[in-house]
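Based on these hints, arrange chain F on the given structure of chain H.
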Amino acid sequence: MAVQDVLPSRKGSSGFSALNDQRVRGVIFQVLLIVAIVSFAWWIIHNTAANLRAQGIGFGFGILRDSAGFQINQTLIDYQETSSYVRVYFVGLLNTLLVSFIGVILATIIGFIVGISRLSKNWVVAKAAYVYIEVLRNIPLLLQIFIWYFAVLRLLPAKRDAIDLGPFGLLNIAGWYAPNPVLGRGFALVAAAFIIGIVATFVLRAWARRRQMATGQIFPLFRVALALIIGLPLVAYFVAGFAFANPPFSLEYPTPGNFGPRGGLRVFPEFIGLLMALSFYTASFIAEIVRAGILAVPNGQTEASYSLGLRPGHTLRLVVIPQAMRVIIPPLTSQYLNLTKNSSLAVAIAYPDLVSVFAGTALNQTGRAVEFILITMATYLTISLVTSLFMNWYNRSVALVER
Amino acid sequence: MSDIQSETDLVYVRDEMLSQSPPPHRESGPLGWLRKNLFSSWSNALLTLIALYVIWIVVPPLIDFALVQAVWSGDSRDVCTTINQGGIQPNGWFGACWPYVKDYFAQFIYGRYPVEERWRVNIVFALFVLGVVPLLIPAAPFKSMNLIYMAIVFPVAALLLLTGGHMEFESMIGIGRELAPLGSGLDFWIEYALLTLVVLGIGYAWARGTGAPAGGLLKLVLTVMLALAAVIFVLSLDLGLEFVPTSIWGGLLVTLVIAITGIAASLPLGVVLALGRRSDMPIVRFVCVVFIEFWRGVPLITVLFMSSVMLPLFLPEGVSFDKLLRALIGVALFSAAYMAEVIRGGLQAIPKGQYEGADAVGLAYWQKMRLIILPQALTLVIPGIVNTFIGLFKDTTLVLIIGLFDFLGQIQSSFTDPSWSTPVQATTAYFFAACVYWIFCFSMSRYSIFTENRLRTGHAR
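Heads up: the protein sequence lines correspond to chains H and F, in order.
Here this note's numbering runs 1 ahead of the position in the first sequence, where the first position is 1.
Here this note's numbering runs 225 ahead of the position in the second sequence, where the first position is 1.
Okay, chain F solo, but in the shape it has when bound:
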């Protein structure tokens, strides 16, 4: 018995698991990774080699130009030219000329904005960052205050600081001109008061017609008109700031002014157009479709040409528009059409039940849109709006064709300065410009992806 017992004891039974052994050498480590991802087959290996070759002809020359061969300091064109061209670099040298960019850096940002007034531009930039950064961080508090700041306080402050204020407002239809002494500045205010009365009258008539209580509506109209009057009054004050005409603005300042005003103007206009395109009223719908398709069917260049040469013809004699303002109008109308299509996409994505639910609760059209539909639709299309904004930001470069000096235009105009004119100047400047535009656009597109991911969690199961 015991023999048998001992015999069975001797039978080998594993009582613990063997620890996992590492994968075979050829499947693991960097070598295994290479084999799996790059050289899994002949065709794959060939593709890898082609890709590496393409990278090889593009990347090293760029690094060589921008960093290795580049000149970092100096104060004249001599440091950036070869001996043959009258400089100090060996013949055949080809590298970036960074001292030129350093020398022109301020002009690339401010254009010909007077040097002693540039602090005003800096304050505007700071105010913008102060407002926009918390707006972009979802967790930051006081969103509605923030929005009011960005929509009202910032634009007024920026306009005041950048132009210097004490703008002159003239009478619009000429009634005021006959009632007030010339040059007193009163003519505008007389007409403004008349306009307020007319608007109040229309509001009252509408309230009587629909049988709604008139008090609330009139109070709202009065508040808006008074607020507008306050803004106009502040802008016409002389705060001791020197007046800087827009014709000498330039550089990144102009780029940002056009991009930000463009988006600010096109967003509400786009909402109205998108709602109009989905309206039940056939004429409203037709007008919106024609408007949207017209602007989307023509290139921005022709729009800018139109705003620069035709807009002055459209206005009554003697009334002239600022060149920058004309470009802004063109850009805003153009991007409003694109914005309208983005927002239409959002409106179409809202389930019908939401519309019907709002109707069932008894909300009027504008209440339904303001409280139920638009908040959902706009959140849905934030990535689309950001993409439109990126497009708009890139398109601001086109204003250089109608003679405005935006960032790229300023760079282009710096080529005429003989003190830095070298064969590498254009290449350096364009490399620099490409980096700046790329940083702006790429970070915006990253932000759009970030919001997209953040909003997607709401639909996760």
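The shape of chain H in the complex, shown without the other chains:
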């Protein structure tokens, strides 16, 4: 009663205002936000247009068709000095993707090894892994790139006296001369055999699973799959070699010479330095993620699977790892993305990645800052979003399904 008496009178005295309604306030606030953002954007565009006009630089993407006129040492696609900036863009993008892709694979392997070593009961192994993690992740990546490129790779011998790595080619200050794969006439046959092996494995896996569901018998899938994927191409290799009288696949080894090694597949030191720094650095973060993931699986799960009679190998593969992966995958995704984005540090040692050749050399040559940086940023944004989408999809497929 008392409340009812008081409320209307208060309202009456101070004057009811729409501003007291939370929804109205929300609408006002959002309208103000839109107005602020639009006017800010307009202000920036207006200023940029005026500045560009004053400097006599136009705006437009037509410049991308112009000839670039500079050399790039490492290109995955055909590229000449006369090629257009569009081609420069693709050269840079492919180089970025190449170093990121190999870096992700290397970092994952090293990261998992170190992460599992960190949990080892072996004291030396566990401590060595701990020191690796603490040292590598507390030193800036750029410094690590410099160390690999300027301090480690510069200690390699001069061009003429390269280190002989035996089956892995030659190594000197100008880079790594890896054996160059040469494809013969029958290579298509080997490749086909390889693909058939993979497809057959998938079919076999489905069949084995159905059989296990029905009869409970376990099929030795791993060994058979290994035989299919490695054995089948091997057979094809010999058959093709016999039929065409030359090997379908061989390695061309570099030979040492007075002016540096000849032949072989040259891997530039910029690539090696960047790749080493990226993968060792990222691996230290992945190792911690792996450790956290494995520790997150309760010990009761292991005990329960032992009491069911599963052997340690099966327990690890069927019980612990699938559950650990759920914890590992989301942060692992962001590490992959970080590695891809960090590959842009290539510009510091002139590895021709996207930022280095496109947002660097090409931008400086044309002075078209707005267009080139916008394209670069949009590219990275797309890579990031696509990776996140893919990993989210994968994450959903392994996530715990609750009611």
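Please note: incorrect hints may appear among the correct ones.
Taking lysine-lysine and the BS3-like style, the derived pairs with C-alpha atoms no more than 25 Å apart in a straight line are [what the hints assert, rightly or not]:
| id | chain 1 | residue 1 | chain 2 | residue 2 |
| --- | --- | --- | --- | --- |
| 1 | F | Lys593 | F | Lys577 |
| 2 | H | Lys128 | F | Lys261 |
| 3 | F | Lys368 | F | Lys593 |
| 4 | F | Lys444 | F | Lys593 |
| 5 | H | Lys122 | F | Lys593 |
I should point out that these hints are in silico values taken from the structure, not numbers from a laboratory.
Only chain F this time, still in chain H's reference frame:
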């Protein structure tokens, strides 16, 4: 009878416990420990040997380079070069050249900051340590005073000391320029007074609209505006300090300036973005999500490129920004997005009951956040904030790519000096830099673990 009695007496009954005997020799002592931890099985022994081999190829060469073979004194490149290279060291020598680091030490810390003005940088460093050490010790008293010192007194003092003050503030929209005589410095203050009036007017209108008493709000607005005016006034005073442009700052000074301003700017911005991302208002939420995902999706390098080449284009003609300030803006926006995600994690970890409880007490949105939610959320994510800060500290090295001389940039630029140029110079310098960065980052990560453990006790059962 007595016979039987004596017979039973003879039966041996132990009346005291035997003292524990030591474990078997093979299970105890260093040998037992080795056997248990390193050589329990064949595979384990193999692992041990592999690990020892890896340690053997990494650690001894490092120690050999940094300590055993190293040169500790000298005053020219001769002491750090072999006979073949024109020096005094035997051929094949490879060791660290510490006299070069000693010679360049001051430059690594101050950059090209004028020698006779370096005491100002030292005072700033001292003021920082004075403020930050008690802030980091949980038991130290006067936390709120300390926070005010770090948030207001220190930045103003640092800005004043580092640049030398007497900054010139110009009119922003040009109204003042027409009212005041040119060069009198009055134009800025006229506009500032107008701005204050406008803000007071908005505050008054808002108070009238919501029916709240206007006095408190207006007093608050006035205090803030006056305090800001006082700071601007102090910065524009000529205290007799020589003006040092940021273009000649360098070394550890620049690294710390970028890292500390970055964190100071990104923390409040991150809080606002995180709250916006969890807001009920769809447009606010959308804007925050786009902002956060954009900055998180691009590499810092492109952000720095953007701030160094595109930011000048964004501003009206004639207005130019300091190069360091441009980098700072880029770093702050970039790390704000990361900070926002860390803080969002904290906000999500607060039980719903806390939000509902605050609502039930009748707190308004900002009261609820300020008094109930944010204190809990921020305490929860202190380790995450420290980790972001470590990342930011490491990322400051990237500014060398846009031509600022931070600690690493200063080291890199010292290589051009022919008086110390030797084959071991780069290796020595990078070793030194790695040690410095490592000490900073490692101690920060230890501190983050320390707070994590300290805060965890609250949840212990």
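Let me make sure I understand: some of the numbered hints might not hold for this structure. Which ones are they, in numerical order? Per hint list: single violation, 5.
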